[in-house]
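**Student:** Residue-level listing of the chains:
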Amino acid sequence: MSDELSPGVDATETPSNVLCVCPAIGNAKNEHCRDLLTREGPPGTVLGVTVASSPGERMSEWSNVIDPVRTTLSFVDVSHGGRSAAMSADGFGGQNGAIVNVVEVDEVDLHRIGTEITTQLENAEKGPVVVCLDSLTDLLQFETARTLHRFLNVLTARVEEADAIAHYHIDADGHPDRTFDTLAPLFDATIRADSRSE
Amino acid sequence: MASTQDAVLVASPEEERRLSITSVLRDHWPVRIATTLDGALDSLDESIAVIVIDESIEEAPSDLFAARLEDERSFQILWLGTSDGPFVDRAEAVLDPARVEDQSLTIVDRLQRRARYDRLLTRFYELARVRGRDEEKATAEGKPVATDVELDSLKRELDEIVAELDDEDAFEVALGNRPPVNQ
Numbered sequence: 006m007s008d009e010l011s012p013g014v015d016a017t018e019t020p021s022n023v024l025c026v027c028p029a030i031g032n033a034k035n036e037h038c039r040d041l042l043t044r045e046g047p048p049g050t051v052l053g054v055t056v057a058s059s060p061g062e063r064m065s066e067w068s069n070v071i072d073p074v075r076t077t078l079s080f081v082d083v084s085h086g087g088r089s090a091a092m093s094a095d096g097f098g099g100q101n102g103a104i105v106n107v108v109e110v111d112e113v114d115l116h117r118i119g120t121e122i123t124t125q126l127e128n129a130e131k132g133p134v135v136v137c138l139d140s141l142t143d144l145l146q147f148e149t150a151r152t153l154h155r156f157l158n159v160l161t162a163r164v165e166e167a168d169a170i171a172h173y174h175i176d177a178d179g180h181p182d183r184t185f186d187t188l189a190p191l192f193d194a195t196i197r198a199d200s201r202s203e
Numbered sequence: 080m081a082s083t084q085d086a087v088l089v090a091s092p093e094e095e096r097r098l099s100i101t102s103v104l105r106d107h108w109p110v111r112i113a114t115t116l117d118g119a120l121d122s123l124d125e126s127i128a129v130i131v132i133d134e135s136i137e138e139a140p141s142d143l144f145a146a147r148l149e150d151e152r153s154f155q156i157l158w159l160g161t162s163d164g165p166f167v168d169r170a171e172a173v174l175d176p177a178r179v180e181d182q183s184l185t186i187v188d189r190l191q192r193r194a195r196y197d198r199l200l201t202r203f204y205e206l207a208r209v210r211g212r213d214e215e216k217a218t219a220e221g222k223p224v225a226t227d228v229e230l231d232s233l234k235r236e237l238d239e240i241v242a243e244l245d246d247e248d249a250f251e252v253a254l255g256n257r258p259p260v261n262q
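Line order of the protein sequences matches chains A and B.
With the numbering used here applied, the first sequence corresponds to residues 6 to 203, in that order.
With the numbering used here applied, the second sequence corresponds to residues 80 to 262, in that order.
FYI, nobody ran anything at the bench for these hints, they're computed from the structure.
Mixed in with the good hints there might be a few duds.
Chain A is faced by these chain B residues, among others (derived, beta-carbon under 10 Å) [unchecked claim]: (1) 169; (2) 180; (3) 185; (4) 199; (5) 200; (6) 206; (7) 207; (8) 227; (9) 237; (10) 253; (11) 254.
Since we're looking at a predicted model, the values are computed, not measured.
In this text, a Cβ means the ideal position worked out from N, Cα and C, and glycines have one as well.
Please build the complete structure, drawing on both the sequences and the hints.
**Tutor:** In structure tokens:
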């Protein structure tokens with residue numbers, strides 16, 4: 006595994022935006038996800054952005070580190086239609102009745118996804134505010150690299166403005182190295198857990 | 080401070096309108112004028128950030144919108160006229176001719192930020208792609224990637240500009256959507 010700070014980023018500060026390059030299959034992705042969620046201690050607010058995975062799957066992966074009763078959980082869910090905007094976490098397998106806000110986006114509409122995320126960031130009341138986007142690989146199936154790059158420029162800036170911290174998953178085995186190298190300047194740091202990082 | 084890519088092109092056949100808007104804008108940005116659509120198209124170059132098109136211009140300004148798409152240009156279009164004209168929905172903003180004195184500065188300033196953001200996003204992506212191509216070679220040679228410093232500087236500049244744009248403007252510019260913006 007390797008951690009790499011972008012040029013100009015103070016090593017003593019927690020990076021606001023982290024690119025997390027891990028194989029989609031295996032434990033590394035979820036282990037890093039849990040670490041990144043709790044870098045600043047127990048998060049007050051977690052915003053998950055799910056494209057291929059579901060909110061329930063993410064919550065299941067986070068169950069050891071997130072207490073949904075103490076942490077405000079929200080999702081911008083791009084993968085499924087027809088879910089209500091606010092529903093009990095019991096709908097995801099039982100989480101002590103915690104209320105989880107789920108905003109459904111029925112298609113990969115980056116404008117809508119972006120404004121939903123920024124709205125959630127603006128409305129977050131409890132810090133630290135942590136964002137997990139899963140994943141850029143899925144977005145790249147629907148959008149060009151150029152469009153996604155421009156979208157992430159806005160999103161990473163908004164995360165920093167909100168004093169939130171975010172990580173963005175991408176499948177280490179799903180893209181050529183130049184894709185990661187092109188994306189890296191958007192982020193304060195890149196975490197790699199694949200054969201290239203060894 | 081004015082850059083070399085922030086000129087405003089005012090295209091109007093009506094002298095009084097041209098004078099009223101240029102008198103407001105010229106203290107802030109370089110202003111060019113055109114009296115016809117052909118004249119406006121001839122004046123288009125990299126220095127133009129905002130084009131003000133008067134609804135009374137004789138020809139339909141389709142070529143202007145086409146030129147922007149074909150050349151992937153960053154200039155923003157301000158429609159000078161009523162908000163229900165046929166090309167309003169393809170312009171970034173609409174300015175009521177009766178409000179030139181009190182609104183044009185604010186609207187053009189916003190459009191300048193949008194145009195600048197668009198240009199810098201394009202530059203940032205181009206440089207990042209170069210970095211993507213050069214990274215492997217530079218790593219093998221033990222050299223820093225030449226574009227990293229410029230990328231870092233550009234990212235800071237982008238973050239400063241986007242902080243002055245609302246979410247609608249920021250995502251519109253980034254994603255290339257151009258819904259109507261009525262002022």
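**Student:** Of all the hints given earlier, name the ones this structure violates by number, lowest first.
**Tutor:** 1, 2, 3
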